[in-house]
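**Student:** Listed in order, the protein sequences are those of chains A and B. Numbers 1 to 348, taken from the working numbering, label the letters of the first sequence in order. Numbers 1 to 435, taken from the working numbering, label the letters of the second sequence in order.
Hints are computed from structural coordinates only; laboratory data are not their basis. Some clues are possibly wrong.
What the hints assert, rightly or not - Calculated from the model, a selection of chain B residues having no Cβ within reach of chain A, i.e. all distances over 10 Å:
{"no.": "1", "residue": "LEU11"}
{"no.": "2", "residue": "LYS31"}
{"no.": "3", "residue": "ILE261"}
{"no.": "4", "residue": "THR274"}
{"no.": "5", "residue": "ASP279"}
{"no.": "6", "residue": "ASN303"}
{"no.": "7", "residue": "GLY330"}
{"no.": "8", "residue": "GLN422"}
As the list claims (entries may be wrong) - Label pairs and their computed distance ranges (CB to CB):
{"no.": "9", "chain 1": "B", "residue 1": "GLU208", "chain 2": "A", "residue 2": "VAL132", "range": "20 to 28 Å"}
{"no.": "10", "chain 1": "B", "residue 1": "ALA415", "chain 2": "A", "residue 2": "ARG266", "range": "55 to 63 Å"}
{"no.": "11", "chain 1": "A", "residue 1": "ASN263", "chain 2": "B", "residue 2": "ALA16", "range": "52 to 60 Å"}
Note that beta-carbon positions come from the ideal geometry of N, C-alpha and C, so glycine has one too.
Here are the chains, one letter per residue:
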Amino acid sequence: MSIKFICSCGKHLRARDEMAARRSMCPRCGAPVGIPSMRPTHAGTIAAPLTPQERRRLNREKQDREEPDAVETGITSSLALPTRSEAILDKLPRPAPKVRRRRHLEQRWSQCLTYPILNWKVFFCFAFVLSVFTASLILSFQKLPPFSEATREDWVVWLIAAGILGVIATYAYATVECALASALAGQGPAPCWPSLRAAFPLKSALRCLVCFLAGPVLLVALAAYYWLYGGDLEALDGLILTELGVFTVAYWFLSVVSTNERNRLRDANPMRVAQLVQRLSYRAVVPVLIAPALVIPHVLGGLFALNILHQQFFSGWLLLTVCWWSGIFWAAFLFRLLGVWCYRAPLR
Amino acid sequence: MKGPHWGWYLLIGIVALAPVGVRLWSWPGFKRQALDPQMVQAGQTLFEHKWKANDPLAGGGDGLGPVFNAASCAECHNQKGIGGAGGLAHNVTTYVFRNDGVAIGRGVPREGVVHARAVNDRLQEKLNQLQPDLPQTSQPSLSQLVSLSGSRRDNHCNTIQQDVHLSQRNTPALWGANLIDAIPDRMIIANERKERLRWGMAPAKGEELPVGRALRLADGRIGHFGWKAQSASLSDFVQAACANELGLGNPGQAQPRPFSIPSYSYKQPSSDLTLEQCDQITSFVASLPRPVERLPEEGLMRNNTIEGKMLFSKIGCADCHQPKVGDVDGLYSDLLLHDMGQPLEGGGSYNEPLPSRPDPNKPPSDGPNPGEWRTPPLWGVADSAPYLHDGRAPTLEKAIEMHGGQGTRAARNFASLNKVQQDQVIAFLWTLRAP
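I would like the entire structure built from these sequences, with the hints used as guidance.
**Tutor:** This is the structure in structure tokens:
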């Protein structure tokens, strides 16, 4: 069984059992590394987690140790003479044991599509539930009496449903942010299911909120005021709203990446975001131009779906589901891409 | 890592926000028309003048007519003073044909006004000239429209399924017209967007939610005046009224031809009124004061009124009859078109008849539907009875009860109030008086 551990530069390493508690050198950064033992000898040292195959092997060994009678008496099915069918089965070629292919960190931008494709089922589940709740809340809100004279029961149910929608949206966002976090840690794409622990999605939601409040909220407020009071929009007005949308989406994407790198909320400030852009150099065109080009049509599509919802419920709900699903898919791809790039251009 | 120079941040901020700032600065604001006292005086003279055929004030035109509804503006606009609303006796009857073919076949415009009077009997317009089975009258009463074959008992006009649809318009009050004229188009569009956001992006053409729409006219402007918001400015409204009500052609709108004689041609095609005369009348109308909100001094009446004002918002009346639009406070209208349901349908154009559509199969334009009406301002409502577009509601209670379509929600909420609360709402409405 091999010992797995992670170097300080982020490189995942593996060593033989015989090398436990000895010193070696990281093949990437060249720094000396201490190979841990499987059993921690000091407080604070931990071993790398077991793979599923290693876990199953341990369980079989444990099972063997817990059944001594079968071995000592010698009268077991394993010592009995093989039957005719078992003899035939023994001669047949056995299928090769399934080895889960371990993916490495992506090298090219197109490989970043692997992550959202691997997780499409998870994303679809989220999109389905989000669209059901969104449609229900929008349609039921119209039937609510004014807040000042409504009964408590009228609003409690609606607020609970809104709360559930918020929780599901938080989990969905946390799943998308997994793409970024795993890329920043140098891990390859893998199917991801969010942890049921509340701390993880809450932390993601807090990070998202802080990044939004750190700057984009002003641009969104300005754009909303402009759209509301600007009258019939001309081409120039459309360009202005698009410009505000581009700045909003770009800053938010970059600030989320920046806060994830060092896991610090204060990295959402403009100076850190500017440094990130400088590190990414020409690749910064992705969060600045391509991300808004993907996000804005999804937002407009969602508003259009809400419009249709009132007239043709099924068509509107279907469009809403597609918008959610596509939005989560592309958000995961963009986060994954930015995470990989940031991993390849580390902080100095 | 050393960050970029602070000048780059400044440059990016300027690039991002400069276009927005310049555009915000160029937005049209609330511009009240400056009034010239001499123009106002001259306009009042014209407003009160009793026109006749070949009137000397008509310049080179034929004066009053050939077809008209009244001999002066003040003849209809006189309730509680010059410029007020009018009673049922001065209702204007409009018509619209269901399809172009029938109108063309009878040699009349597709939609227009059935004028109550003419300069001579030969030119007199009558309903049976539109459709033979209609009565031989020029000015049907509301009750007559109800008794026509094919009419609905709950609708004071015959059904739209007939070849020709008849409806009536009650004379509106002109108080505070200058303030309405000064409201920029973008404020009315903002009302439209706020209502859509409030009701979850619901479309404006539904009948369930109070989501109105601004009427965009052919030239891109937003309608401010008229029962169907068909006039973008006070000047347009005055010019259309002069032409349709008095038969005084002007540069803004030609006088209508009598449909009793489809081949009628004018002796002189020039206008009866000059642009300056139209501006004078417009100045006078703009000078009319705005209605006032007269709260009782103190005591139980005052408390009831204040409570009634709160209930007015609570039950949803203020969803359409918004207290404030832009800088105009106390208007109680969002100036948007709302679909009020089939019982309150009323087709026909008050303005210059639209040209016949070359292709009847072409999708209809963005014009108002028969059931759509601009939310009438409630300022001065206590002194402008009867109510609704054709005056079918003699009292405020009846008017609220008759709200249909997008107004059903508020009407239902009003009906669910107890008697005391209903009286409080009516008491509040009774404080909205003419100046």
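**Student:** Hints first: check each against the structure and report whether it holds.
**Tutor:** Tested hints:
1. For LEU11 of chain B, the non-interface assignment is confirmed: its Cβ lies about 12 Å from the closest Cβ of chain A, beyond the 10 Å cut-off.
2. At roughly 15 Å, the least C-beta separation between LYS31 of chain B and chain A is larger than 10 Å, which holds for a residue marked as non-interface.
3. Its beta-carbon lying about 42 Å from the closest one in chain A, ILE261 of chain B satisfies the requirement of being farther than 10 Å from that chain.
4. Under the 10 Å C-beta cut-off, the non-interface status given to THR274 of chain B relative to chain A holds; the minimum distance is some 33 Å.
5. No Cβ of chain A approaches the Cβ of ASP279 of chain B within 10 Å, the least distance being about 26 Å, so the stated non-interface status holds.
6. Remark: the non-interface label on ASN303 of chain B is consistent with the geometry, its nearest Cβ contact in chain A lying 18 Å away (cut-off 10 Å).
7. The non-interface label for GLY330 of chain B is consistent with chain A: the shortest C-beta to C-beta separation is roughly 21 Å, beyond 10 Å.
8. With a closest Cβ-Cβ approach of about 15 Å to chain A, GLN422 of chain B is found to remain outside the 10 Å limit, as its non-interface label requires.
9. At roughly 22 Å, the beta-carbon separation of GLU208 of chain B and VAL132 of chain A lies within the given 20 to 28 Å, and the hint holds.
10. Taking 55 to 63 Å as the suggested C-beta distance range, the pair ALA415 of chain B and ARG266 of chain A conforms, at roughly 58 Å.
11. Remark: the range hint 52 to 60 Å for ASN263 of chain A to ALA16 of chain B is contradicted by a beta-carbon distance near 29 Å.
The structure fails to meet hint 11 from the earlier list, while all remaining hints are met.
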